[in-house]
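Colleague: Here is what each chain is made of, one letter per residue.
Protein chains: 4
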Amino acid sequence: MASKDEFSFSYRLRVRWAEVDRQGIVFNGHYLTYFDVGMTEYLRAIGLPYPDGLLEYDGDLFLVKATVEFKSPALYDDELDCHVRIGRIGSSSMQFLFALYRGDDLLVSGENIYVNAHPVTRAPAPVHQAIRDAVSRFERA
Amino acid sequence: MASKDEFSFSYRLRVRWAEVDRQGIVFNGHYLTYFDVGMTEYLRAIGLPYPDGLLEYDGDLFLVKATVEFKSPALYDDELDCHVRIGRIGSSSMQFLFALYRGDDLLVSGENIYVNAHPVTRAPAPVHQAIRDAVSRFERA
Amino acid sequence: MASKDEFSFSYRLRVRWAEVDRQGIVFNGHYLTYFDVGMTEYLRAIGLPYPDGLLEYDGDLFLVKATVEFKSPALYDDELDCHVRIGRIGSSSMQFLFALYRGDDLLVSGENIYVNAHPVTRAPAPVHQAIRDAVSRFERA
Amino acid sequence: MASKDEFSFSYRLRVRWAEVDRQGIVFNGHYLTYFDVGMTEYLRAIGLPYPDGLLEYDGDLFLVKATVEFKSPALYDDELDCHVRIGRIGSSSMQFLFALYRGDDLLVSGENIYVNAHPVTRAPAPVHQAIRDAVSRFERA
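Residue numbers (our numbering), protein chains in the order written: chain A, 1 to 141; chain B, 1 to 141; chain C, 1 to 141; chain D, 1 to 141.
Only chain A is shown next, with the shape it has when bound in the complex:
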């Protein structure tokens, strides 16, 4: 799972001192922050900068499930490539897949399921066709 070849987008970030714990490794919760940064940059890349690009279609994303697998720890000052893609788009949900690499080593992989919801009422809403189009345009390119 989570081979680099499955991803057409990645974002580079560097591990901060404040993110590393006493074991000398990145504290687990910060990987969700890395994935969030990766999602932000992915959405910017496909022309839908978060959150304005989605708000334009009366949508916002709320996380409903996160699954993270830790193969090998990231260390202080590591340069990491956060690979991101959208796996499935359901009627009102979007699955994001993440794979965090240091060079050729897969460190952490993840899957986030978001519900698309109205920004104010937070009631689930269909993912707008314009968003589906932007994703398939980007992933086909």
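For the record, the hints were derived by calculation from the structure and aren't laboratory data.
Some hints could be false.
SDA-like mimics (lysine to any residue), calculated; alpha carbons at most 20 Å apart, straight line [unchecked claim]:
1. Lys65(A) <-> Ser91(B)
2. Lys65(D) <-> Gln23(C)
3. Lys71(B) <-> Phe62(A)
4. Lys65(D) <-> Pro119(C)
5. Lys4(A) <-> Ser93(B)
6. Lys65(C) <-> Ser109(D)
7. Lys4(B) <-> Ser93(B)
8. Lys71(D) <-> Ser92(C)
9. Lys71(D) <-> Val120(C)
10. Lys71(D) <-> Thr121(C)
11. Lys71(C) <-> Leu75(D)
12. Lys71(D) <-> Val64(C)
13. Lys71(C) <-> Thr67(D)
14. Lys65(B) <-> Leu75(A)
15. Lys65(D) <-> Arg132(C)
16. Lys71(A) <-> Val64(B)
17. Lys65(A) <-> Thr67(B)
18. Lys71(B) <-> Lys71(A)
19. Lys65(C) <-> Gly53(D)
20. Lys71(B) <-> Asp105(A)
21. Lys65(B) <-> Pro126(A)
22. Lys71(A) <-> His118(B)
23. Lys4(B) <-> Glu69(B)
24. Lys71(D) <-> Pro119(C)
25. Lys65(D) <-> Ser92(C)
26. Lys65(D) <-> Val64(C)
27. Lys71(C) <-> Pro73(D)
28. Lys65(A) <-> Arg102(A)
29. Lys65(C) <-> Asp60(D)
30. Lys71(A) <-> Ser136(B)
31. Lys71(B) <-> Thr67(A)
32. Lys71(B) <-> Glu111(A)
33. Lys65(B) <-> Ser3(A)
34. Lys71(A) <-> Lys4(B)
35. Lys71(C) <-> Phe62(D)
36. Lys4(A) <-> His118(B)
37. Lys71(B) <-> Ser3(A)
38. Lys65(C) <-> Pro73(D)
39. Lys4(B) <-> Gly87(B)
40. Lys71(B) <-> Val64(A)
Given chain A, work out where chains B, C and D should sit, using these hints.
Modeller: For chains B, C and D alone, coordinates are given in the frame of chain A:
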């Protein structure tokens, strides 16, 4: 899943301003911090304060998989009860289950799988019998 | 400076694993979070829970200057007492003083200057008399 | 104070969603993280990557005083330039100066005083001549 009755331990914490994002809800990565605090307090309660109680048996815990389900968001200043228990203990792994409640409302549930490993070599190692005993003593009580 | 006797309020918190860095000590930025938690609890104690107690008087607090002195580091799992008081109240500003102790040892002290501003326009506004009264009632008690 | 012209080094970073609070602005403690990232990159730029470049001379840096002035808030997704320089080097201390800009707007400035100490004993130690030389070489260039 994750009914309060399945847990004999919980730890109360209060949502900090710094943990709440622009949507007015706790940023998702912080729930892993809450679970980590809950695990720390659980281990203290069963007489194995982290990490010294485990190091005594040449063990340390490294997270290998986290699964988090978000039902409803926690808000600034909420008092939350983080319910914690150990579900399964494998030969060299431990499953922790978490359920975060605000009053009677389940907000977020989670499952963390840790591998027990030697603190220095980080090679997986059998979970010591003394740890198994401490857990079953506590959960039976 | 920052003797315990100068404070009539303190709030206890425990250092989390996620807050400790590779040097084994609390990362410096987290002390501002501890002070923020202390301020929140102080305002609750004097009957003006943040932010609603201030919003009622069309005020909100924005930090303009923070000064932190680090005498000795806090460590993982330390129980800390965050002592808090309001030093001066200017026409549209409030000075908060903080002293973080572990038992009788002063670890970190701080001074935060906040400007009181309108919550929407963020234009500085006089500190309401009701807030001045709540503070002096509490500190005199 | 803190004009851009006084700095020969800056590092660009982008505000993360997780760093922005309910007021829509970066939570104050995160600015110390930004400064820490800036210091790390400054030390890399002068050829003394933290911490190994200092450990080679039996030194490590421990923060003793931080002063932060908040002129204007950073917002979600802002691109910020963290300007960094070393102001004074005392016998066993180093003063770092920081100025965080968004374009031409100074948002936050800061001064961190570090003591140079032995990495294990943490006893203050003279700043090694090789470090002084690296700084003056870089700042003169």
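Colleague: Determine for every hint whether it applies to the structure shown.
Modeller: The hints, checked one at a time:
1. A threshold of 20 Å between alpha carbons decides the hint, and for Lys65(A) with Ser91(B) the separation of about 28 Å lies outside it, so the pair is violated.
2. At most 20 Å may separate the alpha-carbon atoms for a hinted pair to count; Lys65(D) and Gln23(C) meet this at roughly 18 Å.
3. Taking the CA atoms of Lys71(B) and Phe62(A), the gap is about 10 Å. The hint holds against a cut of 20 Å.
4. For a cut-off of 20 Å, the pair hint linking Lys65(D) to Pro119(C) is broken: about 31 Å separates their Cα positions.
5. Annotation: proposed proximity of Lys4(A) to Ser93(B) is violated, straight-line Cα distance about 29 Å (limit 20 Å).
6. Distance check on the hinted pair: Lys65(C) and Ser109(D) sit about 10 Å apart at the alpha-carbon level, within 20 Å; holds.
7. Under the criterion of a C-alpha separation no larger than 20 Å, the hint pairing Lys4(B) with Ser93(B) is inconsistent with the structure, at around 24 Å.
8. For the given pair, Lys71(D) sits about 16 Å from Ser92(C) by alpha-carbon distance, which is consistent with the 20 Å threshold.
9. As the CA atoms of Lys71(D) and Val120(C) are separated by approximately 17 Å, the hinted pair is consistent with the 20 Å bound.
10. The hinted pair formed by Lys71(D) and Thr121(C) meets the criterion: a straight-line CA distance of about 16 Å does not exceed 20 Å.
11. With a C-alpha separation of about 32 Å, the suggested pair Lys71(C) and Leu75(D) falls outside the 20 Å cut-off, and the hint is violated.
12. In summary, the hint linking Lys71(D) to Val64(C) is supported, as the alpha carbons are separated by about 7 Å, within the 20 Å threshold.
13. Pair hint Lys71(C) plus Thr67(D) holds up; C-alpha atoms about 15 Å apart against a cutoff of 20 Å.
14. For the hint linking Lys65(B) to Leu75(A), the alpha-carbon distance of about 18 Å falls within 20 Å, and the restraint holds.
15. The hinted pair formed by Lys65(D) and Arg132(C) fails the criterion: a straight-line CA distance of about 30 Å is larger than 20 Å.
16. For the hint linking Lys71(A) to Val64(B), the alpha-carbon distance of about 7 Å falls within 20 Å, and the restraint holds.
17. Proposed proximity of Lys65(A) and Thr67(B) is supported: the alpha carbons are some 7 Å apart, at most 20 Å.
18. A threshold of 20 Å between alpha carbons decides the hint, and for Lys71(B) with Lys71(A) the separation of about 27 Å lies outside it, so the pair is violated.
19. For the hint linking Lys65(C) to Gly53(D), the alpha-carbon distance of about 32 Å lies beyond 20 Å, and the restraint is violated.
20. At most 20 Å may separate the alpha-carbon atoms for a hinted pair to count; Lys71(B) and Asp105(A) exceed this at roughly 34 Å.
21. Straight-line distance between C-alpha atoms of Lys65(B) and Pro126(A) comes to about 31 Å, which puts the hinted pair past the 20 Å bound.
22. Using a Cα cut-off of 20 Å, the hinted pair Lys71(A) and His118(B) holds, with the two alpha carbons roughly 16 Å apart.
23. This hinted pair checks out: Lys4(B) and Glu69(B) have alpha carbons roughly 16 Å apart, not beyond 20 Å.
24. As the CA atoms of Lys71(D) and Pro119(C) are separated by approximately 17 Å, the hinted pair is consistent with the 20 Å bound.
25. With a CA separation close to 27 Å, the supplied pair Lys65(D) and Ser92(C) exceeds the 20 Å bound.
26. With a CA separation close to 17 Å, the supplied pair Lys65(D) and Val64(C) stays within the 20 Å bound.
27. A distance of roughly 29 Å separates the Cα atoms of Lys71(C) and Pro73(D); the hinted pair therefore is violated under the 20 Å criterion.
28. About 25 Å separates the Cα atoms of Lys65(A) and Arg102(A), which puts this hinted pair outside 20 Å; it is violated.
29. At most 20 Å may separate the alpha-carbon atoms for a hinted pair to count; Lys65(C) and Asp60(D) exceed this at roughly 27 Å.
30. Between Lys71(A) and Ser136(B), the direct Cα distance comes to roughly 29 Å. Violation of the 20 Å bound is thereby established for this hinted pair.
31. For a cut-off of 20 Å, the pair hint linking Lys71(B) to Thr67(A) stands: about 15 Å separates their Cα positions.
32. Pair hint Lys71(B) plus Glu111(A) holds up; C-alpha atoms about 17 Å apart against a cutoff of 20 Å.
33. Between Lys65(B) and Ser3(A) the CA atoms are separated by roughly 18 Å; this keeps the pair inside 20 Å, and the hint holds.
34. Note on Lys71(A) and Lys4(B): the hinted pairing is violated, with a Cα-Cα distance of about 31 Å set against a maximum of 20 Å.
35. Using a Cα cut-off of 20 Å, the hinted pair Lys71(C) and Phe62(D) holds, with the two alpha carbons roughly 10 Å apart.
36. Restraint check for Lys4(A) and His118(B): not satisfied, since their Cα atoms lie roughly 31 Å apart, outside the 20 Å limit.
37. In summary, the hint linking Lys71(B) to Ser3(A) is not supported, as the alpha carbons are separated by about 31 Å, beyond the 20 Å threshold.
38. Our distance criterion of 20 Å between C-alpha atoms is met by Lys65(C) and Pro73(D), whose separation comes to about 12 Å.
39. At most 20 Å may separate the alpha-carbon atoms for a hinted pair to count; Lys4(B) and Gly87(B) meet this at roughly 14 Å.
40. Taking the CA atoms of Lys71(B) and Val64(A), the gap is about 7 Å. The hint holds against a cut of 20 Å.
Hints 1, 4, 5, 7, 11, 15, 18, 19, 20, 21, 25, 27, 28, 29, 30, 34, 36 and 37 from the earlier list are contradicted by this structure; the remaining hints agree with it.
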